[in-house]
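Sequence order for the protein chains is A and B.
Per our numbering: the first sequence = residues 1 to 116.
Per our numbering: the second sequence = residues 1 to 111.
Calculated directly from the structure, the hints in this document are not laboratory data.
Note that beta-carbon positions come from the ideal geometry of N, C-alpha and C, so glycine has one too.
Each hint should be verified, as a subset may be incorrect.
If the Cβ cut is set under 7 Å, some of the chain A residues that face chain B in the computed set are [as the list claims (entries may be wrong)]:
{"#": "1", "residue": "44"}
{"#": "2", "residue": "49"}
{"#": "3", "residue": "104"}
{"#": "4", "residue": "115"}
Straight-line C-alpha distance at most 27 Å; calculated DSS-like pairs for lysine-lysine [what the hints assert, rightly or not]:
{"#": "5", "chain 1": "A", "residue 1": "64", "chain 2": "B", "residue 2": "67"}
{"#": "6", "chain 1": "A", "residue 1": "55", "chain 2": "A", "residue 2": "41"}
{"#": "7", "chain 1": "A", "residue 1": "66", "chain 2": "B", "residue 2": "67"}
{"#": "8", "chain 1": "A", "residue 1": "14", "chain 2": "B", "residue 2": "56"}
The primary structure of each chain is shown beneath.
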Amino acid sequence: GAVVSQHPSRVICKSGTSVKIECRSLDFQATTMFWYRQFPKQSLMLMATSNEGSKATYEQGVEKDKFLINHASLTLSTLTVTSAHPEDSSFYICSARAGTVKETQYFGPGTRLLVL
Amino acid sequence: QKEVEQNSGPLSVPEGAIASLNCTYSDRGSQSFFWYRQYSGKSPELIMFIYSNGDKEDGRFTAQLNKASQYVSLLIRDSQPSDSATYLCAVNEAAGQNFVFGPGTRLSVLP
Numbered sequence: 001g002a003v004v005s006q007h008p009s010r011v012i013c014k015s016g017t018s019v020k021i022e023c024r025s026l027d028f029q030a031t032t033m034f035w036y037r038q039f040p041k042q043s044l045m046l047m048a049t050s051n052e053g054s055k056a057t058y059e060q061g062v063e064k065d066k067f068l069i070n071h072a073s074l075t076l077s078t079l080t081v082t083s084a085h086p087e088d089s090s091f092y093i094c095s096a097r098a099g100t101v102k103e104t105q106y107f108g109p110g111t112r113l114l115v116l
Numbered sequence: 001q002k003e004v005e006q007n008s009g010p011l012s013v014p015e016g017a018i019a020s021l022n023c024t025y026s027d028r029g030s031q032s033f034f035w036y037r038q039y040s041g042k043s044p045e046l047i048m049f050i051y052s053n054g055d056k057e058d059g060r061f062t063a064q065l066n067k068a069s070q071y072v073s074l075l076i077r078d079s080q081p082s083d084s085a086t087y088l089c090a091v092n093e094a095a096g097q098n099f100v101f102g103p104g105t106r107l108s109v110l111p
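Let's have the full structure, built from the sequences with the hints guiding it.
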């Protein structure tokens with residue numbers, strides 16, 4: 001199956017700093033990448049959808065200036081959490097899709113963020 | 001608002017039994033349906049996808065789709081303790097780009 005990687009897998013940072021998370025599709029070209037957040041014992045929450053070369057589409061309630069998404073190539077998308085606060089501590093998961101909406105999303109292993 | 005619903009569980013079954021996980025969706029135009037498994041603290045992994053009405057089998061897993069009833073299910077035969085996880089149903093939006101995920105059903109297989 002398709003492989004999606006994320007880096008880092010875990011990050012601890014101080015409040016007010018920015019954190020960048022990378023999501024890569026290793027063996028396919030991802031026309032669309034998705035960023036999710038998951039709090040403990042809760043379901044996945046879609047944050048934004050990004051298509052290569054265009055601006056990300058953010059879900060309602062997600063601040064685009066706080067969660068910066070860049071999808072510069074067909075194999076890489078980045079999420080930057082700017083001015084992180086303790087309430088941003090969560091499990092961030094990306095997924096990637098090769099083609100049309102009918103096709104499968106493959107998930108990365110996730111990044112656990114802890115903001116002190 | 002398009003919705004995907006699942007029983008949150010936990011669903012407990014004894015080892016060796018058949019586990020039946022159900023999912024209903026509201027968007028009649030949905031065309032593709034996916035089941036993911038998520039272990040605690042890990043990201044979801046794809047188990048199966050199904051596009052057509054009827055059954056699709058893959059090893060111990062069978063996905064069943066009934067578009068008229070807007071219902072999709074996952075059967076796990078010969079359940080093992082290692083199957084204990086949260087199972088997420090995902091449905092594509094007919095006119096959008098994204099999946100809509102259900103809240104997940106927590107399955108516990110008791111040895």
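Going down the list of hints, with the structure as the test:
Evaluation of the residue 44 of chain A hint against chain B yields a held restraint, the C-beta minimum of about 5 Å falling below 7 Å. Among the interface hints, the one on residue 49 of chain A holds; its C-beta lies about 6 Å from the nearest C-beta in chain B, closer than the 7 Å criterion. Residue-level restraint check for residue 104 of chain A holds (minimum Cβ-Cβ distance to chain B is 6 Å; threshold 7 Å). The interface hint given for residue 115 of chain A is violated, since its Cβ lies 18 Å from the closest Cβ of chain B, which is over the 7 Å cut-off.
Taken as a hint, the residue 64 of chain A and residue 67 of chain B pair is broken in the structure, with Cα atoms around 36 Å apart against an allowance of 27 Å. With a C-alpha separation of about 31 Å, the suggested pairing of residue 55 of chain A with residue 41 of chain A is violated against the 27 Å cut-off. Taking the CA atoms of residue 66 of chain A and residue 67 of chain B, the gap is near 40 Å; set against the 27 Å cutoff, the hint is violated. For a cut-off of 27 Å, the pair hint linking residue 14 of chain A to residue 56 of chain B is broken: about 49 Å separates their Cα positions.
In this structure, the hints that do not hold are numbers 4, 5, 6, 7, 8, in rising order.
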